[in-house]
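Peer 1: Make the full structure from the sequences, and use the hints.
If you read the sequences in order, they're chains A and B. In this text, residue positions in the first sequence follow our numbering: the first is 1, and each later residue adds one. In this text, residue positions in the second sequence follow our numbering: the first is 1, and each later residue adds one.
What the hints contain is simulated information worked out from the structure, not anything from laboratory work. Idealized CB from N, CA, C, for every residue including glycine. It is possible that part of the hints are untrue.
Over the 10 Å line for every Cβ pair with chain A, so calculated as not near, a few chain B residues [to be verified]:
#, residue
1, 52
2, 68
3, 140
4, 443
5, 459
6, 559
Covered, in the sense of this in silico footprint (three residues per stretch, anywhere, with C-beta under 8 Å from a C-beta of chain B), are these stretches of chain A [to be verified]:
#, segment
7, 410-424
8, 428-436
9, 490-502
Protein chains: 2
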Amino acid sequence: MAAYRAPVDDIRFLLLQVLRAPDALQAAPAFAEADAGLIVQVLEEAGKFVELAVAPLQAVGDTPGCRLVDGNVVTPPGFASAYRAFWQAGWPALACAPEDGGQGLPWVLEGVLYEMLSGANHGWTMAPGLLHGAYECLKHHGSEELKARYLAKVASGEWLATMCLTEAHAGSDLGLVRTQAVPQADGSHRIAGTKIFISGGAHDLTDNIVHLVLAREPGAPPGPKGLSLFLAPKVLADGARNAVVCERIEEKMGLHGSPTCVLRFDRATGWRVGEAGRGLAAMFVMMNAARLHVGLQGIGLLEAAWQLAHAYAQERTQMRAPGPLRGDGAADPIIRHPAVGRILDTERAWIDGLRVLAYRTGIELDLARHHSDAERRQAAQQWCSLVTPVLKAVATDAGFHGASRCLQVFGGHGYVKEWGIEQIVRDSRIAMIYEGTNEIQAIDLLVRKVLPDGGAAVGALLDRLAGELPGATPADAQVLRRFDALRAVTAQLVAASAGDPVLAYAAADDYLRAVGLALFGWAWRLVEATPGADAPRWSRPAGAARLRVLPEFEMRLQILRAQCAAPGHSSTAPA
Amino acid sequence: MAAYRAPVDDIRFLLLQVLRAPDALQAAPAFAEADAGLIVQVLEEAGKFVELAVAPLQAVGDTPGCRLVDGNVVTPPGFASAYRAFWQAGWPALACAPEDGGQGLPWVLEGVLYEMLSGANHGWTMAPGLLHGAYECLKHHGSEELKARYLAKVASGEWLATMCLTEAHAGSDLGLVRTQAVPQADGSHRIAGTKIFISGGAHDLTDNIVHLVLAREPGAPPGPKGLSLFLAPKVLADGARNAVVCERIEEKMGLHGSPTCVLRFDRATGWRVGEAGRGLAAMFVMMNAARLHVGLQGIGLLEAAWQLAHAYAQERTQMRAPGPLRGDGAADPIIRHPAVGRILDTERAWIDGLRVLAYRTGIELDLARHHSDAERRQAAQQWCSLVTPVLKAVATDAGFHGASRCLQVFGGHGYVKEWGIEQIVRDSRIAMIYEGTNEIQAIDLLVRKVLPDGGAAVGALLDRLAGELPGATPADAQVLRRFDALRAVTAQLVAASAGDPVLAYAAADDYLRAVGLALFGWAWRLVEATPGADAPRWSRPAGAARLRVLPEFEMRLQILRAQCAAPGHSSTAPA
Numbered sequence: 001m002a003a004y005r006a007p008v009d010d011i012r013f014l015l016l017q018v019l020r021a022p023d024a025l026q027a028a029p030a031f032a033e034a035d036a037g038l039i040v041q042v043l044e045e046a047g048k049f050v051e052l053a054v055a056p057l058q059a060v061g062d063t064p065g066c067r068l069v070d071g072n073v074v075t076p077p078g079f080a081s082a083y084r085a086f087w088q089a090g091w092p093a094l095a096c097a098p099e100d101g102g103q104g105l106p107w108v109l110e111g112v113l114y115e116m117l118s119g120a121n122h123g124w125t126m127a128p129g130l131l132h133g134a135y136e137c138l139k140h141h142g143s144e145e146l147k148a149r150y151l152a153k154v155a156s157g158e159w160l161a162t163m164c165l166t167e168a169h170a171g172s173d174l175g176l177v178r179t180q181a182v183p184q185a186d187g188s189h190r191i192a193g194t195k196i197f198i199s200g201g202a203h204d205l206t207d208n209i210v211h212l213v214l215a216r217e218p219g220a221p222p223g224p225k226g227l228s229l230f231l232a233p234k235v236l237a238d239g240a241r242n243a244v245v246c247e248r249i250e251e252k253m254g255l256h257g258s259p260t261c262v263l264r265f266d267r268a269t270g271w272r273v274g275e276a277g278r279g280l281a282a283m284f285v286m287m288n289a290a291r292l293h294v295g296l297q298g299i300g301l302l303e304a305a306w307q308l309a310h311a312y313a314q315e316r317t318q319m320r321a322p323g324p325l326r327g328d329g330a331a332d333p334i335i336r337h338p339a340v341g342r343i344l345d346t347e348r349a350w351i352d353g354l355r356v357l358a359y360r361t362g363i364e365l366d367l368a369r370h371h372s373d374a375e376r377r378q379a380a381q382q383w384c385s386l387v388t389p390v391l392k393a394v395a396t397d398a399g400f401h402g403a404s405r406c407l408q409v410f411g412g413h414g415y416v417k418e419w420g421i422e423q424i425v426r427d428s429r430i431a432m433i434y435e436g437t438n439e440i441q442a443i444d445l446l447v448r449k450v451l452p453d454g455g456a457a458v459g460a461l462l463d464r465l466a467g468e469l470p471g472a473t474p475a476d477a478q479v480l481r482r483f484d485a486l487r488a489v490t491a492q493l494v495a496a497s498a499g500d501p502v503l504a505y506a507a508a509d510d511y512l513r514a515v516g517l518a519l520f521g522w523a524w525r526l527v528e529a530t531p532g533a534d535a536p537r538w539s540r541p542a543g544a545a546r547l548r549v550l551p552e553f554e555m556r557l558q559i560l561r562a563q564c565a566a567p568g569h570s571s572t573a574p575a
Numbered sequence: 001m002a003a004y005r006a007p008v009d010d011i012r013f014l015l016l017q018v019l020r021a022p023d024a025l026q027a028a029p030a031f032a033e034a035d036a037g038l039i040v041q042v043l044e045e046a047g048k049f050v051e052l053a054v055a056p057l058q059a060v061g062d063t064p065g066c067r068l069v070d071g072n073v074v075t076p077p078g079f080a081s082a083y084r085a086f087w088q089a090g091w092p093a094l095a096c097a098p099e100d101g102g103q104g105l106p107w108v109l110e111g112v113l114y115e116m117l118s119g120a121n122h123g124w125t126m127a128p129g130l131l132h133g134a135y136e137c138l139k140h141h142g143s144e145e146l147k148a149r150y151l152a153k154v155a156s157g158e159w160l161a162t163m164c165l166t167e168a169h170a171g172s173d174l175g176l177v178r179t180q181a182v183p184q185a186d187g188s189h190r191i192a193g194t195k196i197f198i199s200g201g202a203h204d205l206t207d208n209i210v211h212l213v214l215a216r217e218p219g220a221p222p223g224p225k226g227l228s229l230f231l232a233p234k235v236l237a238d239g240a241r242n243a244v245v246c247e248r249i250e251e252k253m254g255l256h257g258s259p260t261c262v263l264r265f266d267r268a269t270g271w272r273v274g275e276a277g278r279g280l281a282a283m284f285v286m287m288n289a290a291r292l293h294v295g296l297q298g299i300g301l302l303e304a305a306w307q308l309a310h311a312y313a314q315e316r317t318q319m320r321a322p323g324p325l326r327g328d329g330a331a332d333p334i335i336r337h338p339a340v341g342r343i344l345d346t347e348r349a350w351i352d353g354l355r356v357l358a359y360r361t362g363i364e365l366d367l368a369r370h371h372s373d374a375e376r377r378q379a380a381q382q383w384c385s386l387v388t389p390v391l392k393a394v395a396t397d398a399g400f401h402g403a404s405r406c407l408q409v410f411g412g413h414g415y416v417k418e419w420g421i422e423q424i425v426r427d428s429r430i431a432m433i434y435e436g437t438n439e440i441q442a443i444d445l446l447v448r449k450v451l452p453d454g455g456a457a458v459g460a461l462l463d464r465l466a467g468e469l470p471g472a473t474p475a476d477a478q479v480l481r482r483f484d485a486l487r488a489v490t491a492q493l494v495a496a497s498a499g500d501p502v503l504a505y506a507a508a509d510d511y512l513r514a515v516g517l518a519l520f521g522w523a524w525r526l527v528e529a530t531p532g533a534d535a536p537r538w539s540r541p542a543g544a545a546r547l548r549v550l551p552e553f554e555m556r557l558q559i560l561r562a563q564c565a566a567p568g569h570s571s572t573a574p575a
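Peer 2: Rendered as structure tokens:
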């Protein structure tokens, strides 16, 4: 099995040449020093760390994976020392504020780092994956006392963190959460309840674990407005173990390198983070960043799958290729067979196009927080609000389905563990579910963000994207035609939804795909217009994007129009 | 985890009402007794056996699965006794000839039996899955001596059989096979070589295993024409063990209930089956049946996944549903949420439409062999030749992707083993690969069967299908429009391929999908025109087929037309 290679050159081209990230970032005073040299240096160092420390642990993450031994989680051999090297080298603090011990670099670089980490080893990467979110949550909502005790350790990654949201009966619907938090005379709370699906709820990577727990105080109203957020550490300040018990780790389809815990809080000691009743808001301060993170996992996993398939297709010989593709031997490398070449070109197209959208969204996340101009911050915020759910869903979908298409390149060998490709398929499947299922992303987009203002925000976004198109070529016109079609179908959905409260829910997935494909076409247009993009490395996937990916846009439009034309068609449920 | 329920009522409706199987089959003298009563009786008995004996072993098939202990494969607890009950009840002999101890029933009923078995327990079903093919191969090509020794045991299933084709360097390209078979003075051969991916190559289910081995005699020409077929049993007639060694069983993504063996033939004793140099032909006598079997696995697995998702969606409550779907509680069963309902309706549409095509193809298989009229046999043969690769690819694709969509209904719980749905996703993935990858099916269809006669055969098939349409309604016209579009694009491909030897290979997958969707639309038209199909059970998936499945047809046409318009676009391979 070939080990993951950090695709530093590809990423540099997209970040520096296509997106001109330094210009964009340096417009914010906080990132005045983020020039091309610094960005490249970070990319190269990150690439080295990923290749040397994390990628070699990919197989062992799957088998033996994590095990629960006497109530403690034992992570796979090598995980703990790699994690120690990770935090001691300062990687978790990359985008944390200098005053908290961080390096104050743009979030987009953290995003790229995590894309590479996820591709190299999704399971291992889950451990630090929630760290930055916990850091932001604590920084913005924690009391001074809590911050003094926990912020620096979470910023540096010396202590890892969890997000304890889900309960057995409350998954997508967190309003149903029942865990109780009873206030004590000393200002702390006693937390009682059982949380499930807690990634990294217990492990041997760090001395302490900082749990952020969604719970309900006595007398709080039912539903989401009664929820508050609490911090409950694994180890208390006096060194005693808190009453947090790992009851079980789940047997999962994949991602065995990440322990998914059932955590029982037995009147554990905790402290409220932020205001009472504002728990979801405190937790979701980093929602867009977290969702973008998950989208980047999809991209990273697809890159990893692509690398495996590409290497295999170059080496494996089988049958003679047709026409000018035919070599001299009894059999040709299967990369010469069009059935294989089309898979490699098409998945390459997905990776590159989605990278442009994801990195650009990372830059917008940075600008939304750090640009000096309020209007620009507002525009950046709107970008993130609209594009993040699209990216989360489309990129994780591409990650799983693309990994499966890459598996197909291996034939029967793809189904066997030793080649490593089936692990990626299994690992990647979860990303379509967690951090809000892809169906929830679609509802978030259409029902919560597009319909309420009659499509104004999405229209403004399309205007902005149109304004950034490189020229007035037929290819640009094609992108604009998609935008126009999207505007028209948005208007149709707005109109038809007025009399049909079900329509938007039934059409949301198709709408999200249509938006995603329109943006994807735009992203590839940016790539194609960049000097150097006429090399086969970029022109082949550009062709595959046009020929094999973008035709789905028309199909989605057709489905959306048909749904608008048949109001009420979804107004009953299956029996 | 809910156990698989045999969908006898659904299958009966499709087989008897929609396809009028008794009329079709009874036209062949061999099946004069295959009336509705007999068919229903077989379905019901098969359903009982599947539910009681095989379905309960699904989880244990995954864990512990099969293990190799001291060179012997130990199958999961319960597998052996279920298999004994299976053959002793006569199920393997269902479609074998009465003179061989069989019941002489139509093959289509065996197909339905195996669809149910695969849905209930894909791993277990792999064991008898190759039996009928081995029976036919032996019956048509074996010497009288070999038949006397092996045919009855293989027909009854008292002994299981394998197909030993693949070697490490020879998968899709069997012409590269190197295993040697050296003739001996007594008429036997000594077989030497190592075969991989041998399903059921070793196990504890039967006293003997009959291996059919593709090998090359000394001096045979290179390539496929030098291959002959040999029979080498695990246990020789004198009770001694033959020199066939199971070196390893593969660690796979799924299908752990079926041991995938590396078999080493150490100068094992074997006998040639059929003529020298005709090994592939002898092995592929049952190719269409074997491929249809695999397509039915896809359908069976999707049915199983659908049942799990449907049961979960009825019980799980989460959030309030929109508009008229909203109930009175704090949260509604998720089946009322359109994002879930659309998945259930759409996958139901895939199952039902593919069943019509698969069962009809099974009937044509029966008629191709047993109809008294040569012209009708010829038409049936043409049907099988064209439709089988389409069905194999489309149904296994639907099996895997549909199972994954059903997993999505479970949210995070879908990723956890205890719910059983992730096992189906893992198990189903192999069916897109074995028995000829889906890419090979596409090449078989377009390159070998459609282009050589300029599209005449596929045109004739479409004429025949058109002639069977129930009426002259707008829905029928829609089916015919698809047929016309398919004829036109076929002609385009024929013309453009004349100057571009690569085009057909690059376009084959899209073409197969287009044919599959045109047939799928036709199949649903048959269902809709059947009395009783206006019940929601059928009308809901009919709507989903139109709204959510069939629009892909236009997309494939667009992709095909674009490829025809850009000749030579695939004439280089990725680097």
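Peer 1: All the hints need checking, so say for each whether the structure fits it.
Peer 2: Against the structure, the hints:
1. 52: Non-interface label stands for residue 52 of chain B: nearest chain A Cβ at 26 Å, farther than 10 Å.
2. 68: Label holds. Min Cβ-Cβ 15 Å, cutoff 10 Å.
3. 140: 27 Å, holds
4. 443: 7 Å, violated
5. 459: 24 Å, holds
6. 559: 5 Å, violated
7. 410-424: holds (count 9)
8. 428-436: Three-residue rule met by the segment 428-436 of chain A, so holds; n is 5.
9. 490-502: holds (count 3)
The structure fails to meet hints 4 and 6 from the earlier list, while all remaining hints are met.
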